[in-house]
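Residue-level listing of the chains:
2 protein chains.
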Amino acid sequence: MKKYLLLLLGCGFVPAANAQHNEDSITIRKMANEILSNGNAYEDLRILTKTIGGRLAGSPQMVKAEHWGFKTLENAGADTVYYQECMVPHWVRGEKEVVKIVGAKSLNLNAIALGKSVATPAKGITAQVIEVKDFDDLEAKKDQLKGKIVFYNYHFNPTFVKTFYSYGDAVRYRGQGPSKAAQYGALAVIIRSMSHATDNQPHTGSTNYDSKYPKIAAVAVGLEDADLLSKQIAANPGTKVFIKTNCQTLPDTIGHNVIGELRGSVYPDEYITVGGHLDSWDVAEGAHDDGTGCVQSIEILRTYKKLGIQPKRTLRVVLFANEENGARGAEKYAEVAKENNEKHVFALESDAGGFTPRGFTLSMSTAQRNKIKSWSSLLMPYGAYDFDEEGGGVDVGFIHRALGVPMGELSPDSQRYFDIHHAPSDVFENVNKRELNLGTITMGALLYLIDKYGL
Amino acid sequence: MKKYLLLLLGCGFVPAANAQHNEDSITIRKMANEILSNGNAYEDLRILTKTIGGRLAGSPQMVKAEHWGFKTLENAGADTVYYQECMVPHWVRGEKEVVKIVGAKSLNLNAIALGKSVATPAKGITAQVIEVKDFDDLEAKKDQLKGKIVFYNYHFNPTFVKTFYSYGDAVRYRGQGPSKAAQYGALAVIIRSMSHATDNQPHTGSTNYDSKYPKIAAVAVGLEDADLLSKQIAANPGTKVFIKTNCQTLPDTIGHNVIGELRGSVYPDEYITVGGHLDSWDVAEGAHDDGTGCVQSIEILRTYKKLGIQPKRTLRVVLFANEENGARGAEKYAEVAKENNEKHVFALESDAGGFTPRGFTLSMSTAQRNKIKSWSSLLMPYGAYDFDEEGGGVDVGFIHRALGVPMGELSPDSQRYFDIHHAPSDVFENVNKRELNLGTITMGALLYLIDKYGL
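Just so you know, the protein sequences line up as chains S and P, in that order.
So that you can map any letter, position 299 of the first sequence is 299 in full-length UniProt numbering, and since no number is skipped, the others follow by simple counting.
So that you can map any letter, position 191 of the second sequence is 191 in full-length UniProt numbering, and since no number is skipped, the others follow by simple counting.
Hints are computed from structural coordinates only; laboratory data are not their basis.
Treat each hint with caution, since some may be false.
Identical copies go unnamed one by one, so any copy, or any two together, can satisfy a pair.
What the hints assert, rightly or not - Calculated pairs, DMTMM-like style, for lysine to aspartate or glutamate (alpha carbon to alpha carbon, straight line, at most 25 Å):
| no. | residue 1 | residue 2 |
| --- | --- | --- |
| 1 | Lys373 | Asp388 |
| 2 | Lys30 | Asp386 |
| 3 | Lys30 | Glu389 |
| 4 | Lys373 | Glu389 |
| 5 | Lys373 | Asp386 |
This is chain S alone, in the form it adopts within the complex:
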């Protein structure tokens, strides 16, 4: 590709509808130039992922991550940094799981235990596998499941353009699959990973046991191995699988939200929250999920400070303590805000990957949404044009529900997210520096406008 004749038209400025709009456009462009030229988020992420790595709540790595967050917020120029203590779950994977097809030639499957899953007995489980396409198929086969392993081979729907819809559709097999199988006497479950990746990485994520039924071991397998297993069963309906997992749920332990503030100049007791979750699955570096949300939030504070953009309200960057296997950090944050009768104007989250921005999901009144839409020409030059959806924000959802705070979440392009989500491939190398920075710019611009004009 060569484009010698490409004209140097338009460098991101938008036509000024009026003087105010023009001033905002210039300020946002300054923020963008600073972030694109001198941004620190990518290097912050490198340190978080490469020197700490996976950081499940309760792990020693998560303690290191909290210290990293504290120090990084200080370096970014926060007026105040503090920890907010909360109790968090403490699930550990133990020795690596083994899942294999039993036979003349035993075949190892690329598998991973689901979060919160119990262990198999110490000697593992060997049993025949019954494949089911979906829950209806499970019901149809319920009389065959006693003493068997259930294999949920539910496919991630490729026809949704926004991949979070495919996830919303498929994730019930991870959440409810084990208990639904256990109620019919199954000994364990294998699920097809929630992904349409072109590789064979297995994807973890929490399951949720129904207390009415026995808790049985649950693993996910990579897509190629799910297809392989399905073929084996078709060729030999008596196919047996061996599963051994070594997970344990220990007593709850202490975790911390890490909070950094830029004090508001006019309304210091009004808050705007922006954050991501600091914890990640143990098997991944937690780069897109959700290292990027953390470093983007810190970068906004750094940029405001560097450029002398003084918010009227207090800007609070929150690195939430625990999202993956609970949401205890967010629960505590909302609880304390309610106890203290804090006034919160808006809460924004980035937890859908550090990909190139498309817009925001916004859960708020129509009038508030329309106010944000009236700024869309200021955000469009940086890639954000889509403001129409409700949804998003597991962590900020707590304060949204507890205090009625309007909330939003960055909507990055979603095509690559479920290739790496909860898989060992969620590593730093899969984050693109410019995409990460553009997400930060759109978030920083939205917060700037909300702080300036209210909601």
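Given chain S's structure and the hints, the job is docking chain P onto it.
Relative to chain S, chain P alone:
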């Protein structure tokens, strides 16, 4: 990230403004479902890149690629497939180039000769390096350049959101840099790669010698090595570099555009062209540049055929013979179309990477652009919202200029393009299947609407 509560709202359908709009929406959704569920483009690309690889015009690999293109268009269901012969340049790199800082500890630089560059003398060139920031700096230092190597350390501007603007700004150093240095007696040039990648890959691309001055060897270095060289020169202004390149320009040779047609049912003698270029740089697999444009164009034909979408005009898929170091394929295509007095309605190209779509650049009249904009709600669900720019389409540009044919080019998200553009890292693994498919959908939908309603 978990989103148990994510609602299954909206699966990409747009609200129907009227019955016609609704029918179009349904047809486009069928195309999208087919491409997202059964698309072949990603596997086509795997074969092109992994079994053939780099394919510079005139190379044996390019001959293989032409055969691949012919067969793949046949398999996709084209009514007719044929070759269109043209003469193409025949430049060969020869043995791998060597560029190193001379000194007590000689340091190899990650370097690559520019396309069309001449070779150094057989024993190489060793000379002092003069660093210049830009052409103004070159003019200021013109009296120091005789017998030296000029190092253009011009930085890719990170503040343009659309990275093609950074390219348009920087590429003159690759195109004109060697001759501008040669006019002041320089022996060779080194340029900083046209990229803001976070790695050290060198990026090639054609240079253009001015016949008034001696032709001197030209290489590009990776960004880390550009910074290293700059530091060395700062520490020791007498720093010398050794350069040895082995390129040759052989006599022009025969190449072919590969063309596949779906014959129009109503106006078979009116044409809509869609294509990409089949050639690539020798050092890369040419995945994004421009394997993706080729497989997307073929996939549109396959999808129309599979779904029985019969175009009124003849749809011509063109895999252009030579874009990287000339544009001889496109030149020939326009020449033949003019000779035959063909009526062309529209020409579309994909040559900006197989990334997630953002829109189209459109070079046409305001009335025609407005017609396309009136369909934007049909394209938005697949990610295309930006229809405002002129530009694009090196290959279709020939028919645009020769016959006044309205032209367009897919505008994918550009953030990752210049990380890999013309570098050894432009490989299959850096293409995402869903992003590729979404680009195809938006292209296929635009062509469907133009064929149906005219322009």
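Structure-based check of each hint:
no.: 1; hint: Lys373 with Asp388; in the structure: both (9 Å within a copy, 20 Å between copies)
no.: 2; hint: Lys30 with Asp386; in the structure: both (23 Å within a copy, 24 Å between copies)
no.: 3; hint: Lys30 with Glu389; in the structure: between (29 Å within a copy, 24 Å between copies)
no.: 4; hint: Lys373 with Glu389; in the structure: both (12 Å within a copy, 23 Å between copies)
no.: 5; hint: Lys373 with Asp386; in the structure: both (9 Å within a copy, 17 Å between copies)
In summary, the structure agrees with every hint in the numbered list given earlier.
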